[in-house]
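Peer 1: Here the protein sequences come in this chain order: Z and L.
Under the numbering used here, think of the first position of the first sequence as 9, with each following residue one higher.
Under the numbering used here, think of the first position of the second sequence as -15, with each following residue one higher.
None of these hints come from the bench; they were simulated from the model.
The model shown is predicted, which means the values in this text are computed figures rather than measured ones.
Treat the hints loosely; a few may be bogus.
Said to hold, decoys possible - In silico contact screen, one side only, chain Z against chain L (beta carbon under 10 Å); selected entries: (1) Leu23; (2) Ala29; (3) Asp31; (4) Leu34; (5) Ile36; (6) Phe38; (7) Glu57; (8) Val58; (9) Met69; (10) Arg70; (11) Trp72; (12) Gln76.
Using N, Cα and C, we set each Cβ at its ideal position, and we do this for glycine too.
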Amino acid sequence: MLEFFDHAEPLVADLTYYDSAADDGLTILFWRGGVFARPIEGATVIGPEVHGQVREIAVLMRSWSVVQDFP
Amino acid sequence: MLVAASGVAPLEAWTLGGADAAPPDPDSGVGRSPTLALAPDVRFHSPMLVKTIAGDENVHQVHRLIGGIQGPRVYHARLYRERRLVEHWSCVIDGHCQQGVDVFDLDEQDRVTDQRVWLRPWPVTNLLRDRAMASGLDILPIDVWIPPAQPRPLA
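Start from the sequences, fold in the hints, and give me the full structure.
Peer 2: Here it is as structure tokens:
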């Protein structure tokens, strides 16, 4: 997973986390950046945690016209 | 598909056939979403569309269109903060699991003034978009579905 993020993250220019939401079970980080000089947005869902370890990470993105070229 | 070419994930992980097939447990999650009224000037930002949809009647039509393709949703989290509601959900489209995050901005009457949607995985989102566009061209014009051609730098 870390290797995947190592490859994917540099493709997003000016990656900025601008908001978050969380409860006891999970955290959602909202970010934006650019791919091919076009804006891309993401919501990274982290959790749940079991014994202090994250069991799942999901990266949701928008919009289609940009994401179809990425990753 | 720049990361796909790197080989850090198996090829099937990039295709519809490799999408998560396990449907969400209907008994899990945080229960049904509350029925949210739309403000007359609501704005809806769908990741499948290249333009924002404005107005409650237009947004209702798009909601009905998408809801008719997606199976029932299971809501995994519902987070409130000030006048903002965030929902994390999943559903099944043609046997493939899709996840979404919705962010709703609410007015003083708890009506939705703005809705923004994030989706995954992308092969399933493509499937949803194809089916929505096939039956939705009488609702939304073609330029709402397809972006204008743009020059793109060579990879």
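Peer 1: If a hint holds in the structure, say so; if it does not, say that too.
Peer 2: For each hint, the structure was consulted:
A least Cβ separation of about 15 Å between Z:Leu23 and chain L goes past the 10 Å threshold, and the interface hint is therefore violated. Because the smallest distance between the Cβ of Z:Ala29 and any Cβ of chain L comes to about 4 Å, under 10 Å, the interface hint for this residue holds. Because the beta carbon of Z:Asp31 sits about 6 Å from the nearest beta carbon in chain L, less than 10 Å, this interface hint is met. At a threshold of 10 Å, the smallest CB-CB gap from Z:Leu34 to chain L is about 6 Å, leaving the interface hint in force.
The beta carbon of Z:Ile36 is positioned within 10 Å of a beta carbon in chain L (closest approach about 6 Å), and the interface hint is therefore held. Checking Z:Phe38 against chain L by beta carbon gives a least distance of about 8 Å; that is within 10 Å, so the hint holds. Annotation: Z:Glu57 was flagged as interfacial toward chain L, and the flag is violated, the nearest CB pair being 13 Å apart, outside 10 Å. Here the hint on Z:Val58 is broken, as its CB sits about 15 Å from the closest CB of chain L, past 10 Å.
Hint status for Z:Met69 relative to chain L: holds, with the closest Cβ pair at about 6 Å, below 10 Å. Because the beta carbon of Z:Arg70 sits about 3 Å from the nearest beta carbon in chain L, less than 10 Å, this interface hint is met. Because the beta carbon of Z:Trp72 sits about 5 Å from the nearest beta carbon in chain L, less than 10 Å, this interface hint is met. Hint status for Z:Gln76 relative to chain L: holds, with the closest Cβ pair at about 7 Å, below 10 Å.
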